[in-house]
Each structure stands twice: as structure tokens, then as C-alpha cells.
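S.K.: The chain contents come next:
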Amino acid sequence: MVKTIEVEPVTRLEGHGGLRLVLGDDGKVQNVQFNISSTRFFEKFLEGRYCEHIPRITPRICGICPIPHHLTPTKAVEDAWGVQIPPAAYKLRQLLQNAKQYSSHALHFYALAAPDFLLGPMADPALRNVVHVINKMPEVGAMALKMMDFGQKLCEAVGGKSVHPISAIVGGMKKALDETVRDRFLKQIEDQVEWSKKTVDIGLKVVEDYWDVVANVGVVPTYYLGMTKNGVHDIYDGDIRVVSPDGEKFDYPPQKYLDVIGEHIPEHSYATHTYYKPAGYPEGIYRANTLAMINCADKMATPLADEALKAMRAKVGNVPHHTFAYHWARLIELVESIEVMATLLQDDDIVNPDCKTLDVQPREGNGVGVTEAPRGLLLYHIWSDAEGICKKANLLVATNHNIAGIEKTLMHVAKQVFDDKALEGLKLPDPWIK
Amino acid sequence: MAVKVAFMQLSDCWGCHQSLLNNHLGLLPVLPALEIVYWPAVVDFKHDSLKARENGSILVGFIEGSVRTNEDYENAKLMRDKCALIIAFGSCSCYGNVHGLANQWNKDDLVRRKFSEVESIADGSGGEPTQHMPGFRDKIVPVDEVVNVDVYISGCPPKPEGIVSAIAFLLGQKPFPMNDLAFCNDCSIKDNCLLDAGKLCFGPITSMGCNLKCTSNGNPCVGCFGPAKTVDSRAEKLNSMTKSLTSISSGDKKNLYEFLTLFLNVPLMAGFDLTSDILKQVKKHGSPSTPLANFPPTTEEIAGRLMAFLRDNPDFTEISNVCDTCSRIIGSKSTMTRVKRDYEGLPNMDDCFIEQGYICMGPITKAGCGGMCIKVNAPCTGCYGQTKWGVNQAERFADTVLKQFNVSLSKDDLLAQVKDPIGTFEKFTLASRKGGV
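Residue numbers (this note's numbering), protein chains in the order written: chain A, 1 to 434; chain B, 1 to 437.
Hints listed in this document are in silico derivations from the structure and should not be mistaken for laboratory results.
Since this is a predicted model, take the numbers as computed values, not measurements.
Every residue, glycine too, gets a C-beta built ideally from N, C-alpha and C.
Hints may be right or wrong, so weigh each one.
Unchecked claim - Pairs of lysine-lysine, DSBU-like flavour, derived with a Cα cap of 30 Å:
1. A:Lys3 / A:Lys229
2. A:Lys391 / B:Lys333
3. A:Lys146 / B:Lys229
4. A:Lys205 / A:Lys315
5. B:Lys4 / A:Lys421
6. B:Lys340 / A:Lys392
7. B:Lys237 / B:Lys375
8. A:Lys392 / B:Lys107
9. B:Lys4 / A:Lys136
10. B:Lys243 / A:Lys391
11. B:Lys229 / B:Lys333
12. A:Lys146 / B:Lys213
13. A:Lys205 / A:Lys421
14. A:Lys315 / A:Lys299
15. B:Lys388 / A:Lys187
16. B:Lys419 / B:Lys388
17. B:Lys46 / A:Lys28
18. B:Lys411 / A:Lys391
19. A:Lys146 / B:Lys403
20. B:Lys213 / A:Lys198
21. A:Lys391 / B:Lys213
22. A:Lys146 / B:Lys107
23. B:Lys46 / A:Lys3
24. B:Lys419 / A:Lys187
25. A:Lys197 / B:Lys213
As the list claims (entries may be wrong) - If you anchor each label on the Cβ, the simulated ranges turn out as follows:
26. A:Lys427 / B:Ser116: 42 to 52 Å
27. A:Pro253 / B:Asn348: 36 to 46 Å
28. A:Lys28 / B:Gly127: 44 to 54 Å
29. B:Met349 / A:Leu428: 32 to 42 Å
30. A:Lys197 / B:Trp389: 28 to 38 Å
31. A:Asn318 / B:His132: 33 to 43 Å
32. A:Val417 / B:Met349: 33 to 43 Å
33. B:His132 / A:Lys28: 47 to 57 Å
34. B:Lys411 / A:Leu186: 41 to 51 Å
35. B:Asn70 / A:Leu204: 22 to 32 Å
36. A:Leu204 / B:Trp389: 32 to 42 Å
37. A:Asp354 / B:Lys77: 26 to 36 Å
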């Protein structure tokens, strides 16, 4: 008898997803679907809007990562209109992007992922959540909350609002940081760096405890999609980089994205399946997000993070395909973001009021903007008419880059579980929280 | 006994939940009072467990998002069945939000662009996905067009303090633990006390413990940590200032709403429309007594007097708008002579955006945000929703600014210079039938 297993909804993630697994008469996996049941048609209703207003609309695509959805379309319009921004604006945007990276990665690790590891995968679903973690490990909980709070507060200070920021404008930023505000954040940096290191230590302990899981569950060779600036890890600016399953690297300027990324419209998901175009679908299915970024980078941009990267590569290799190493990669990025913020907060450009070029003129044309959002590459392609009204827009959204890769990974793991019974002897540690 | 609550997400961005989580440590006092029975973003209860619950057995249901898909529609209905009280949580739920702009097109046009036409579709695939997919409704609508809503919390997103105070209000508790000492003890600008400069600052009667954001930025304390157990010596100065309220500056008046909202834990300003809100009660029954009990007499005296002031002040008979909480000068040295686009130049931080030539939705937008956009030099785009419904919002905007602001343009010229009127005047509310005409 054909049997269908449904998980509805997949919890502790952002977005609307369900999982559907079909087993045949023989108990073997026939089909796995990752069903994303929501989309809102930004690709259409941006038409007719003022191009410079798009960054005030699109943050509403994602409330967890609205910062990249504010900055990326701004860059796309600047590209279309040929606008250069002052150095102060560039640094303020970098600061904003890294503040978001920091709070989002802390949230992801502690609130979304940690309950699985700290309570163990067999725990009571009613307790397997961050609220319970905070109750049982109040010190770690408070540290996690203070990390998220720092990132979100800095987003608010630079962006005006942490959820749905407003301070970037075509041509720069509307306002620099006040010195007193900058000083307030500078004072907290030392603690935050310490807590980031502590978080990496917790992560390493988890990796050690769950090594059997990390090394054996969902190790799936795929392509990877990320961004680097001259080969160095960068989340605000750079070129698109693709890494093949065997580690070959390909660089493309953002404007050439149509040579790189293809979209396949599946029948069972509103989120499309993206793939590396030269390799075709489904062979070219890639993964994005933290592990992909780490696999793309020749090195990290900051010393502590680069050290952490080397440690990871020593353990799992230069282009690891371990799905559970995503968490590890996330913590390396977390460390980089606090180091970048520490440097930028000491840079006087971020309090320099000369943060917007006054010479902005719309022109007919199209432009592409790319940044790396906390969950993957984010790309906006905007067509402007001579008056600066949006004629057309194409968006390749961060989470969307993960959908095909997640489905491919789910299929792999489902076969491990049901076809090969490969995970029955899997070693799990005693949970930290019992 | 913990109160059962459920959080549901329809078509949305999850930003309201991020905003709630942004309370971080501030959430800890509220959490033990809640029994979360459904919240996919955070806890692992599945859809079936919600379906299996008895009707009406959950006290409060928060619905974030608007109704785009058939699944959204079913989930809104399900929540109404299971929850005694439904809160439309955020501007998607209240008004439809920016994706409501999609209602300018037919469903088929939207589907064609997204699933067939976009430039990156590269393998000949395309068409609307239909396998195990819910299907789209013809138009996107806010939640109250599908089920009855008891409470609206607007904002995109609603402010963290507003959400927690709303929850605390429903629970009948204070959102934050109150400290023995007052804000002044921590204040970073003691030597340049705002009270000495004649500004109404509620620090002397408010609990310390916040991050001092307001005073560090030169703004007065608005009382968001609630009453302190003891008052600071400066409380008398504040008390005597409230006795001569008729002579305070407009900027100070603008702080009063925020103060009462936060301090008395009555979130009427947090976009929180509840028929029993305290200001309406005051207006109806004429009693300026406050819900405070066992607090320092000076605190009671000040809060009571401010309630009376709001009750009697004609400026506060209408729902307040963003301009009421904006510190920029109206009647400034600037005058709008043409409509500027946001990329042009850089506005100064002192004068009203409209008078500097920029379109700002402040005059027709409901207050509650505290003017966050304006503080980083970005005009309001109206995310808390309009102060009046069922009228032509573009015309109302033009009429209002021509009457009250330095604008030397005719109504026709002003409106003709706005090239995207729907995206400008109804960005957040197009999908709501309450909205424009």
C-alpha cells in the first residue's frame, strides 16, 4: 500500500512550508516534496511604482531579513541610474547588513536550531522550543537574547527601524549615525565578541556530541551559490560565485546573473526551484546560505572568523557537503559580523553626515543589485523608465535559492532512513536538557 | 493559570513576530503567563493539533498576514472557531499591506508574471503550480473581510512595546517589572535636564531600567517602563509643569499620548483599537481617575491631570496622526513649491517634509509608531493605516496639507505631480474596503 507521510507545517522556520513523503508498496521512497504554499507577487505589483520607493516596499518580503531587502533594490536602482554613493553611505550600509547578519544568525542558532540539539531530536514537541531552553538554561538564554538585542538595536539605530528599515535611499543614506549612539554600541562590543566566541564553543561542543549525525546524515554533493569580493567572504558587495560539487569556482558579475541562475517552476511549490544554468535542471541544483557562503570563500574577511574557518576545513574538508555543517558555517559568519561591526564602529565615516550624493537623476535602463542575506544570495533586477518609474522587476530571493537544495537533501535523507535503513544505529548524545 | 494563546501566520513576512521577539529580555515577564498552543515560527505544534482543539478553547488568537490563498482563508476561519478573541496583528491583517497593491491586476496577470514570464525561467517550465497547492483567491483581503475581528493592532510592524503592552493589557498585568527607583537615576543627561529646558519629561515618575534611548537622543522620557515605586526629586518640577498645560509647546503635547499609552498600560496609541479604551471611557464618563493604585501620590496626581487635559483638549478629540508625534516644525521657513521625489537632495532634519517639498503621509496616518521613519530623515509612508476611511485619500491628503502646511501649489497641480497615486496614498490599505474610494 502506498503510504504518505505529511509534516504540516514545517515549524521553526521562516515562511510557509509542508513536507510530503510518499512510500511505495515496498516501503521504499517514491517521492519527496517540499511544498511552499505562499507567494505574494512582488514581481508584478512593483510595476508602476517609483523606483526609489521599491526599497520601502520590498522589506515586507521578509520580516526576519528586511535589511537586505532594503539595501539590495537600492543598489539595483543605483546600478540602473548610474549613481555612485559616498564612502560614508557604503560603510553605514555594511554596518547595517552585518548588524542584521549578527542578530539573524544568533536567532537562527539559538531560537530555531538549538532546541533540536539541546533537547535532542526525541524530545517532547511541546517542550522543544526556545522558551523551554531559556527556562532551563537561563544564562545561555540571556546571553542569546542580549546578542539578538544588540544586532536588532544597531539595525534600528542605522536603519531607523529594525524590521522594515527606511534609511537607505538611492544615492546613499538619509542620515549618518549620531556620535553618542555610536559610542553606546562601541561600549558593548567587547562583551559581544566574547559571547560570539562562547557561541562558537557551544557550537563546537554540539558538533562533537553529534558527530555521527554531522558526518552521516544528509551529506549531499551539490553546487553552491554565494557572493565574494575578490574571493573574500563579503555580505554587502561583490560578485556571484558558484562552486561545483568537486570544488571548482566560477565568478560572475551580478549583471550576468541570467547566465548563472535558472528558475524551474515545479508543480508542487510556489517557491521556484533555482539551479546553476550551465549544468541544467535538476543536475545544477545548488544550495545557498551559510555553508554555501563558506564554501565559496577563499577566506573570511576578519581574523577570528578566518581562524574558525580553518578549524572547520581541517575537520570537514574544503568543500564539505554536510548539511549539518550549515550551523557551524553560520557561527563562523556570526563571528565575522561582530568583527566587521567592531571595525566599522571605530570608523569616523559612519558619523559623517556627508552620506548622500545630491546628484541623482533617473534614466531609462535596468540595473542589478546583489547582497548576501542571512539565508542566501539576494538579487533584484529593476527596469526603470526615463522618469524613474519601475517598468518591470525580477527578484531572486534568498530563501528561494534553498528550496530545490532542501528537497534534494530531504530525498537523500528519506532514502537513508527508509530504503537503506542507514541511520538506525546512529549515535545520539545524552541531551543537555533532560 | 496561564492563558492559552495561538499565533497564526497567513500571507505575510513574519515581521510582526520578529517585532514581538525584539522585546528580547522584556518578554521574560510576560512568557510565564502564556500557554502557547500554536506558533509555527517558534514551537513545534502541528496544524492537526490546532484543529483538534475544542472550539473557543483558546483565549487569544493573533492572526498575522492577509488572505491571499485559499489556505489563508481556511486558517482564518479555523482561528475564529478556536479562539475567543481574535487580534488582527499588524497591517497585513488589518489592511492588506503592500502586497494588497497586487489588487490593481487580475489574478491571471499576477500568476503569469510570476510563474511564466520572469526572465530567469530557463527550462521551458511554467504555469501555476497546482499539485498540493492551495490556490489563490481573486483578490487579497484583510482578515476582517473573512472573519470577525475583536482587536486591531496596526503597524508594519507594530512597535515591540505596543505588542507587549497589548498582551499585558489583555492579561491585566503590567508589561515590565517596576523598579524602586526612577528613570532620572540612570539618565545620561542629568546635567542638561530637559525639565529645566521646559520640556515635559516623565523620567521622575517612570521606572529606570531601559536603555535610555530617548534622552540620549535628546528626547524626553515617555514613560514606557511604567511607574516607578518611588519618584525622583524632580517630580515636583514635572508636577508643577503639568498644572500649566495650556501653555506647553506643541511638541510636548505630542508626547502626552505616548506617555499615557505606555505609562498607564493602555495601548490606545499603539494602533490598538479597543472599544473600551481608556481615553474613550474618560471622554464618555468624564472621570479622569487613573487605573493606578498604591503608587506615589505625585505620580497619581500627574497622570490624573494629564488624563483630564486630554479629555478637555479639543486637539485630542480626533484620532491622532503621525504629525502629532513628529518633532519637525510645521509652519517652517520652507514652502512646497513643487512635489519632490525622495531621491532628490537631502531634507533638513528640522522642517516638515511636506513644507520641504516631499510627500509625507503623516497628516493622514494614524499615530502609534512614534515617528521612527521621520527620525532618520525618511518621510512617513502610512504603515499604521489611515485616520479616516471611505474617502478619496489622495484628495484628503491634498486638502489637509493645503489648509495646514506651507504649500504654494494648487490641489490639481499637487495631485498631478504624484505619478504613482495608489502606491503613494494607499500603499498599505488598497486591499481594505475600509480604505479609499
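S.K.: Quick check: which numbered hints come out false for this structure?
M.R.: Per hint list: 1, 2, 5, 10, 11, 15, 19, 21, 22, 24, 28, 29, 30, 32, 33, 35, 36 and 37 violated.
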